[in-house]
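**Student:** Residue strings, one per chain:
There are 8 protein chains.
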Amino acid sequence: MSWTVYLSGEIHTDWREQIILGAKALDLAIEFTSAVTDHDASDAAGDVLGAQDNGFWRDHQSSKVNAIRTKNLIEKADIVVVRFGDKYKQWNAAFDAGYCAALGKPYITLHDESIIHPLKEVDAAAMAWAQTPQQVVEVLRYVVG
Amino acid sequence: MSWTVYLSGEIHTDWREQIILGAKALDLAIEFTSAVTDHDASDAAGDVLGAQDNGFWRDHQSSKVNAIRTKNLIEKADIVVVRFGDKYKQWNAAFDAGYCAALGKPYITLHDESIIHPLKEVDAAAMAWAQTPQQVVEVLRYVVG
Amino acid sequence: MSWTVYLSGEIHTDWREQIILGAKALDLAIEFTSAVTDHDASDAAGDVLGAQDNGFWRDHQSSKVNAIRTKNLIEKADIVVVRFGDKYKQWNAAFDAGYCAALGKPYITLHDESIIHPLKEVDAAAMAWAQTPQQVVEVLRYVVG
Amino acid sequence: MSWTVYLSGEIHTDWREQIILGAKALDLAIEFTSAVTDHDASDAAGDVLGAQDNGFWRDHQSSKVNAIRTKNLIEKADIVVVRFGDKYKQWNAAFDAGYCAALGKPYITLHDESIIHPLKEVDAAAMAWAQTPQQVVEVLRYVVG
Amino acid sequence: MSWTVYLSGEIHTDWREQIILGAKALDLAIEFTSAVTDHDASDAAGDVLGAQDNGFWRDHQSSKVNAIRTKNLIEKADIVVVRFGDKYKQWNAAFDAGYCAALGKPYITLHDESIIHPLKEVDAAAMAWAQTPQQVVEVLRYVVG
Amino acid sequence: MSWTVYLSGEIHTDWREQIILGAKALDLAIEFTSAVTDHDASDAAGDVLGAQDNGFWRDHQSSKVNAIRTKNLIEKADIVVVRFGDKYKQWNAAFDAGYCAALGKPYITLHDESIIHPLKEVDAAAMAWAQTPQQVVEVLRYVVG
Amino acid sequence: MSWTVYLSGEIHTDWREQIILGAKALDLAIEFTSAVTDHDASDAAGDVLGAQDNGFWRDHQSSKVNAIRTKNLIEKADIVVVRFGDKYKQWNAAFDAGYCAALGKPYITLHDESIIHPLKEVDAAAMAWAQTPQQVVEVLRYVVG
Amino acid sequence: MSWTVYLSGEIHTDWREQIILGAKALDLAIEFTSAVTDHDASDAAGDVLGAQDNGFWRDHQSSKVNAIRTKNLIEKADIVVVRFGDKYKQWNAAFDAGYCAALGKPYITLHDESIIHPLKEVDAAAMAWAQTPQQVVEVLRYVVG
Chain H
3 MSWTVYLSGE
13 IHTDWREQII
23 LGAKALDLAI
33 EFTSAVTDHD
43 ASDAAGDVLG
53 AQDNGFWRDH
63 QSSKVNAIRT
73 KNLIEKADIV
83 VVRFGDKYKQ
93 WNAAFDAGYC
103 AALGKPYITL
113 HDESIIHPLK
123 EVDAAAMAWA
133 QTPQQVVEVL
143 RYVVG
Chain D
3 MSWTVYLSGE
13 IHTDWREQII
23 LGAKALDLAI
33 EFTSAVTDHD
43 ASDAAGDVLG
53 AQDNGFWRDH
63 QSSKVNAIRT
73 KNLIEKADIV
83 VVRFGDKYKQ
93 WNAAFDAGYC
103 AALGKPYITL
113 HDESIIHPLK
123 EVDAAAMAWA
133 QTPQQVVEVL
143 RYVVG
Chain G
3 MSWTVYLSGE
13 IHTDWREQII
23 LGAKALDLAI
33 EFTSAVTDHD
43 ASDAAGDVLG
53 AQDNGFWRDH
63 QSSKVNAIRT
73 KNLIEKADIV
83 VVRFGDKYKQ
93 WNAAFDAGYC
103 AALGKPYITL
113 HDESIIHPLK
123 EVDAAAMAWA
133 QTPQQVVEVL
143 RYVVG
Chain A
3 MSWTVYLSGE
13 IHTDWREQII
23 LGAKALDLAI
33 EFTSAVTDHD
43 ASDAAGDVLG
53 AQDNGFWRDH
63 QSSKVNAIRT
73 KNLIEKADIV
83 VVRFGDKYKQ
93 WNAAFDAGYC
103 AALGKPYITL
113 HDESIIHPLK
123 EVDAAAMAWA
133 QTPQQVVEVL
143 RYVVG
Chain L
3 MSWTVYLSGE
13 IHTDWREQII
23 LGAKALDLAI
33 EFTSAVTDHD
43 ASDAAGDVLG
53 AQDNGFWRDH
63 QSSKVNAIRT
73 KNLIEKADIV
83 VVRFGDKYKQ
93 WNAAFDAGYC
103 AALGKPYITL
113 HDESIIHPLK
123 EVDAAAMAWA
133 QTPQQVVEVL
143 RYVVG
Chain Y
3 MSWTVYLSGE
13 IHTDWREQII
23 LGAKALDLAI
33 EFTSAVTDHD
43 ASDAAGDVLG
53 AQDNGFWRDH
63 QSSKVNAIRT
73 KNLIEKADIV
83 VVRFGDKYKQ
93 WNAAFDAGYC
103 AALGKPYITL
113 HDESIIHPLK
123 EVDAAAMAWA
133 QTPQQVVEVL
143 RYVVG
Chain W
3 MSWTVYLSGE
13 IHTDWREQII
23 LGAKALDLAI
33 EFTSAVTDHD
43 ASDAAGDVLG
53 AQDNGFWRDH
63 QSSKVNAIRT
73 KNLIEKADIV
83 VVRFGDKYKQ
93 WNAAFDAGYC
103 AALGKPYITL
113 HDESIIHPLK
123 EVDAAAMAWA
133 QTPQQVVEVL
143 RYVVG
Chain F
3 MSWTVYLSGE
13 IHTDWREQII
23 LGAKALDLAI
33 EFTSAVTDHD
43 ASDAAGDVLG
53 AQDNGFWRDH
63 QSSKVNAIRT
73 KNLIEKADIV
83 VVRFGDKYKQ
93 WNAAFDAGYC
103 AALGKPYITL
113 HDESIIHPLK
123 EVDAAAMAWA
133 QTPQQVVEVL
143 RYVVG
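Protein chains in written order, with our numbering: chain H, 3 to 147; chain D, 3 to 147; chain G, 3 to 147; chain A, 3 to 147; chain L, 3 to 147; chain Y, 3 to 147; chain W, 3 to 147; chain F, 3 to 147.
Careful, some of the hints might be misleading.
Stretches of chain A that chain H covers, calculated by requiring three or more beta carbons in the stretch to come under 8 angstroms of a beta carbon on chain H [stated by the list, open to error]:
no., segment
1, 29-40
2, 44-54
3, 60-68
4, 71-78
Listing some non-contacts, in silico: residues in chain D with all C-beta distances to chain A over 10 angstroms [as the list claims (entries may be wrong)]:
no., residue
5, Ser-4
6, Trp-5
7, Arg-18
8, Ile-22
9, Asp-29
10, Ser-36
11, Asp-40
12, Ala-43
13, Asp-45
14, Asn-74
15, Leu-75
16, His-119
Please keep in mind that the hints were generated in silico from the structure rather than gathered at the bench.
Computed from a predicted structure; not experimentally measured.
Where is the CB? At the ideal position from N, CA and C, for every residue including glycine.
Take these sequences, add in the hints, and give me the full structure.
**Tutor:** Right, here's the structure in full:
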């Protein structure tokens, strides 16, 4: 029995690496997946299909290309970790959480105590709230162990 | 054939009233539904089940009570309108959008041009992006007409 | 928008009546449904199909007839309340809770503090835990209000 | 064609080992899965996420972490065996049975004759009732043979 | 709460009328539905779309027209009763039973003791086996009462 | 028991009116629904959301607004009629047919004999092929009668 | 890409072997599965769980054990072949066909011309009707080729 | 993580080869699948089941055999590419697109700018519109990279 864990959300800190390395150190049978986390590449994902003058449509075109990947990976994941940092809107992270909730797919949120209140609906549908990547690794160790 | 439209998101401006009145003026066969939009009542929704010292668990308890309502109403809606204002995190609105996307339920976003980029994933899965409640009313008139 | 609430579990106290009367007093737009709660009638539900010498098969035959009713009513309900008393095994109540959980149907548990620990898995998938019928009525008032 | 069998329920006797060894002796192509069956570890599954003063929330936190595992394993299983011993409430076992029933996943109950009556709803939705682990092994031999 | 019961199978005796009259006499809130039970009309259901020389295709054309009706009515039914007489192949009745089983829709079989063995798979997935229309009426009275 | 029939496809002849009038003449209990069939209005359905210089995005915006309506109406329909005329590409009609096929929703095609071959995949998943609106009315009479 | 084909129905002739050997001769990448086809073993499948005096319950117990296997294998199959011979009731074969139809799983019927009419509903939902195992092999060669 | 991409639509140019070779050159972990693209073989797919005088039924028989393959492959695909050329009706391509849309399966359209308008509904539900096979390869490289 091997497991797949999708890592969603914030792309400006190394939380993904910490979880992946932590899981590796424990030799957990987990394959990690993720959206493309290179911000510029992600914004330009659709440009190959044609340049767009209009910012909305450029974003639209790129977001849909990104969604081909993320939709597939989220639906194939056994567990999703959704990270909210202390900056930016991060609506895509909350969107992924809602997507998981509707599918009945278990997800873990990862965020500081300072944003508990605005995340209360997202946390309410989560299976766990972690404050550090290390806690996520501990939970994964327990779950897939 | 009557329609049900769920109004999700921002609770600090009168966009819901504008849409409801606009639809009424046009005599559209639409029943509008919504989460409880009284902020304090919503935060306290679970308090009747027992006071919680811990802020996380108070939020958790209340959010789940709110979710009994919102989950039911979203799943029964034919169309969802998701409003993002220019303040606050509004992760619950993005969560609702993700929930709709996973269900294949058509939703319309309502937000200013200034937040196109952070909402690109949410807009990419939407059926329409409107900037004013009047535009939403026009779309509804066309759709249910 | 009217609501349907299924009342599952313990049949030896008047908790159903308390909830129904409480909802009526508040004039809530709720239709309440339930399994047949007459214990002897329920045990004999299948006898009309033929007497069974073997206790297992008599129970089997009756339980399946009961399930024609309960399966339909649970699947049609918007909300389920699952009551655990302080006596008996009440495995059917836990079974209903699991059934709701798999369907993604919101349910509220109703039980004393003394049985929190053995009900932890059932409560973990619930949207609320109430200790009194009055609390359930308050939650319903908020949810359907 | 290989099979996955999830073993749910009672953790105080060696019924899991008996089934696993019995299947091994017959060289059946079955992978067995299970919740974490170490009682103390299971109760403490969520403690890494933060200590909770309140017993209900400690249980809640741990049960949800356990559910990340059990939900995944039950949904991936081809067959579930649900064991009820003669002690304890074991509502989680009945909950798992209800969960399987709603998913249409075949399950086998394993319990003594003495608790036929309180388990009648759980047995009514089961594909088989066994009284001994050896009987379960025999059924599995037939089914996957 | 009203109920819909679909009556499937044998068309050469008056079992449908007996059930409908029996339910009426008891004033049960049940709407009964059924395939077109006029044998010749059913065989000719597709003829309006063009005469077919080939018997297979004539049957094919008519059966699909009939299926527009039966598929809709079975999926909308709360309960299905499937009747097997002592003559004819009645494979369509067994087909309907399999269709219900896959949908998780409760069905009751109605047949004599003499054909228990060939119907064992059909009965195994049923919620009840009745031998007379009167028994079916009694079960319905209990279930919808 | 009333029925809903969605009329999809060609908008340049009066086939919809013929079916609706035919059904009315027979007093059939059918509610007919349809996309907006005013070609110019349909092309402009999204213009209220903002003018688009780029033809692709104008079409995109309008088609998604139209899809809010059509997706809802197709999913609520009991039967869909898909009409292919002898002109134009009509890929939206074939798209609707594929949509119905994936949902398991019964549909009837309506087209001339001359286009049997290019429509063979669409017809293969249909429940009936009619050549005239009158034949569709006859089938509906039989089905809902 | 490998394929799984479930072979359902008649157990008194060697049609399964003919198809399996035919596919082998062509080196098709197909895994064939089936119910237990030893008649006596199948009838006795549940006996290990306890002897039953009553014929109905013995059949019931065994059929449910068989269904653990068949339900799993049918749901995992890509294609199902359903064989009807010229003897016996074979209601289980028609039941399997209905089960496949409700799941949207493609199935092929295999039967003589003499029983076209009683099988018309079963054939109407099938993707192909073959009269010989050789034809089935040819279709499989084409489909998986 | 490997990916499966189904290539649907036009069979008269070498767009499939271009995509497959392009992906190979980039060493992408993609398995490509497709309908049988030999036109004559496809038209004759059902002939082995019996010659048909009537053109409609010959097409019907063959299309259903083809659908055994295409339905399976589309449902197993992670991504579908749907190609529309500048000739022929290609309703089967639009049908496949609609099928994907209903399943929520991401698809990419591939067609010239000249047919944007008649394809607007098909494009509206697509995740990307490409004009050349090279663009499709670029998108796939990004998505599975």
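**Student:** It remains to establish, for every hint, whether it holds in the given structure.
**Tutor:** Hints, one by one, checked against the model:
1. Figure legend: the segment 29-40 of chain A, annotated as covered by chain H; annotation consistent (3 residues with Cβ-Cβ distances under 8 angstroms, at least 3 required).
2. A count of 5 residues in the segment 44-54 of chain A with a Cβ less than 8 angstroms from any Cβ of chain H is obtained; the coverage claim is therefore met, three being the minimum.
3. Here the segment 60-68 of chain A counts 3 residues with a CB under 8 angstroms from a CB of chain H, which clears the bar of 3, and the coverage holds.
4. For the segment 71-78 of chain A, the stated coverage by chain H holds: 5 residues have a C-beta nearer than 8 angstroms to a C-beta of that chain, and at least 3 were required.
5. Interface exclusion of Ser-4/D from chain A stands, the closest Cβ pair being 31 angstroms apart, more than 10 angstroms.
6. Non-interface call for Trp-5/D relative to chain A: holds, since the shortest CB-CB distance, roughly 30 angstroms, exceeds 10 angstroms.
7. Once the 10 angstroms rule is applied to beta carbons, Arg-18/D is consistent with being away from chain A; the minimum gap is 33 angstroms.
8. Once the 10 angstroms rule is applied to beta carbons, Ile-22/D is consistent with being away from chain A; the minimum gap is 37 angstroms.
9. No beta-carbon of chain A is positioned within 10 angstroms of the beta-carbon of Asp-29/D; the least distance is around 42 angstroms.
10. The Cβ of Ser-36/D sits about 28 angstroms from the closest Cβ of chain A, beyond the 10 angstroms cut-off, so the non-interface label holds.
11. A cut-off of 10 angstroms between C-beta atoms confirms that Asp-40/D is not in contact with chain A; the least separation is 26 angstroms.
12. Separation of Ala-43/D from chain A is adequate, the least Cβ-Cβ distance of about 23 angstroms exceeding the 10 angstroms criterion.
13. With a least beta-carbon separation of about 18 angstroms from chain A, Asp-45/D lies farther than 10 angstroms from that chain, consistent with its non-interface assignment.
14. Against chain A, the non-interface label of Asn-74/D holds: every CB pair exceeds 10 angstroms, the least being about 18 angstroms.
15. Under the 10 angstroms C-beta cut-off, the non-interface status given to Leu-75/D relative to chain A holds; the minimum distance is some 22 angstroms.
16. For His-119/D, the requirement that its beta carbon stay farther than 10 angstroms from each beta carbon of chain A is met, with the minimum near 33 angstroms.
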